[in-house]
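J.: All chains, full assembly: derive it from the sequences and hints.
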Amino acid sequence: MAIVLDAFAAYLRDLLIQVTKDKVGLLLGVSDEISKLDEKLQFLKDYLGDAEKKRITDRHVEGWVRKLKGIMYEATDILEICQLKAMEQGASVDLGCCNPLLFCLRNPLFAHDIASRIKKLNQSLDNICKTGADFKFMKLETYQDQKTASPPISRTTSPVLELSGVVGDQIKEDTSELVKMLTENRETIQAGNNVLLVAIMGVGGIGKTTLARNIFNDKTIQEKFDMKIWLSVTQKFNEDDLLTTAIIATGGDHRGSYNRSTSEPALVNAIRGKKFLLVMDDMWSERAWNDFLRAPFSHGGPGSRVVVTTRDERIAKGVKAMYLHHVNKLTPDDAWSLLKQQVVISETDKPKIEALRDIGMKIIGKCDGLPLAIKVVGGLLCRKDRDHGVWSDILGNSIWSVNGMPEDETLHCS
Numbered sequence: 001m002a003i004v005l006d007a008f009a010a011y012l013r014d015l016l017i018q019v020t021k022d023k024v025g026l027l028l029g030v031s032d033e034i035s036k037l038d039e040k041l042q043f044l045k046d047y048l049g050d051a052e053k054k055r056i057t058d059r060h061v062e063g064w065v066r067k068l069k070g071i072m073y074e075a076t077d078i079l080e081i082c083q084l085k086a087m088e089q090g091a092s093v094d095l096g097c098c099n100p101l102l103f104c105l106r107n108p109l110f111a112h113d114i115a116s117r118i119k120k121l122n123q124s125l126d127n128i129c130k131t132g133a134d135f136k137f138m139k140l141e142t143y144q145d146q147k148t149a150s151p152p153i154s155r156t157t158s159p160v161l162e163l164s165g166v167v168g169d170q171i172k173e174d175t176s177e178l179v180k181m182l183t184e185n186r187e188t189i190q191a192g193n194n195v196l197l198v199a200i201m202g203v204g205g206i207g208k209t210t211l212a213r214n215i216f217n218d219k220t221i222q223e224k225f226d227m228k229i230w231l232s233v234t235q236k237f238n239e240d241d242l243l244t245t246a247i248i249a250t251g252g253d254h255r256g257s258y259n260r261s262t263s264e265p266a267l268v269n270a271i272r273g274k275k276f277l278l279v280m281d282d283m284w285s286e287r288a289w290n291d292f293l294r295a296p297f298s299h300g301g302p303g304s305r306v307v308v309t310t311r312d313e314r315i316a317k318g319v320k321a322m323y324l325h326h327v328n329k330l331t332p333d334d335a336w337s338l339l340k341q342q343v344v345i346s347e348t349d350k351p352k353i354e355a356l357r358d359i360g361m362k363i364i365g366k367c368d369g370l371p372l373a374i375k376v377v378g379g380l381l382c383r384k385d386r387d388h389g390v391w392s393d394i395l396g397n398s399i400w401s402v403n404g405m406p407e408d409e410t411l412h413c414s
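Each residue of the sequence shown is one higher than the last, beginning at 1 in the UniProt record's numbering.
Simulated from the structure, these hints should not be mistaken for lab results.
Misleading hints may appear alongside valid ones.
The list that follows gives simulated cross-link-like pairs (lysine-lysine, BS3-like), each with its CA atoms no further than 25 Å apart [to be verified]: (1) LYS329 to LYS340; (2) LYS274 to LYS362; (3) LYS352 to LYS340; (4) LYS69 to LYS172; (5) LYS340 to LYS320; (6) LYS340 to LYS40; (7) LYS40 to LYS172; (8) LYS172 to LYS236; (9) LYS40 to LYS136; (10) LYS384 to LYS350; (11) LYS40 to LYS180; (12) LYS228 to LYS180; (13) LYS350 to LYS366; (14) LYS172 to LYS384; (15) LYS317 to LYS236; (16) LYS274 to LYS320; (17) LYS274 to LYS329; (18) LYS40 to LYS54.
T.: What follows is the structure in structure tokens.
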């Protein structure tokens, strides 16, 4: 299964538009950088169709497309982090700031981190544009330009808020099961360690982060833990940054915490004796926990819990997870519900979409039960006419990859 590349670009542009609308760039001091990012995505959009065709026979183009997807996934990660912070702060927003996203960006260190990542993203995209020029891609019509497309439809719900859309009984059951496990009085087995560790596993794009977020924001979790910490662990994490971020998340004193020798004691002081829930999202290496965080977090209070999300079962076993939870792909009915959630814009729109169920089920079949893929395709379909022929064209278009996506190239935003 692969993703329609220019649909992904259009999806990201929607998110960037929402970020601009929320004045995030202005608050972070990176308005120019966000504008540049938008311009580059708009420029690349015209050439993605040709790139998708050439990648099948040209391994150099394949490598270029892979790098571009990596940058797109990183952009999605950044927006998801902003969304998560907004969800955390939503209940405590003061009357002077009605937008929880802006409220959470008042944290200077968090704002600095997001701003730095946006700038690095732009630099990476600059390099992609330069190397892409060597391939002399032809300017082809993209999905959004094909046929006589309907004018863009304004949605009453922002795409950023739709990222975490949850459908189906399975994720509700999984959330309930894991919340119960995390809040029960269980012995940790490991002598001298107050922490029980649970791993959520599955391929990229399957919904590990969504499940972890549901757990993190569950009412029972809110009541049972003294503090909650969410850490996004990148492939190339920096130990000092990781520790500093953890200190900030626990409300500890990060001043003067510039290296491990000063950061570790500060983190211990922040969590000592407190019952915490730590989520380490998208782990690519057990070192983040085993080498840097296990020791300080062992000072937490009884009943403390750690949740790790990862694609690799070896990592789950490497961090000595006591329970491994595998996230299953969406059932066809749940996948259809999620697609409708992305496409339907009003009550009067529902019958039109339901009439397209037969072709819609074939489209989601190509998404292989992966929520992220369905959301991206939904972002494409929501701009199209509610017409069987139009949806059939999308189903049969050649820029759906003819080969399955290998494991190391699966969707990075899960």
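J.: Name the hints, by number, that the structure is in violation of.
T.: Hints 2, 4, 5, 6, 7, 8, 11, 14 and 17 not satisfied by this model.
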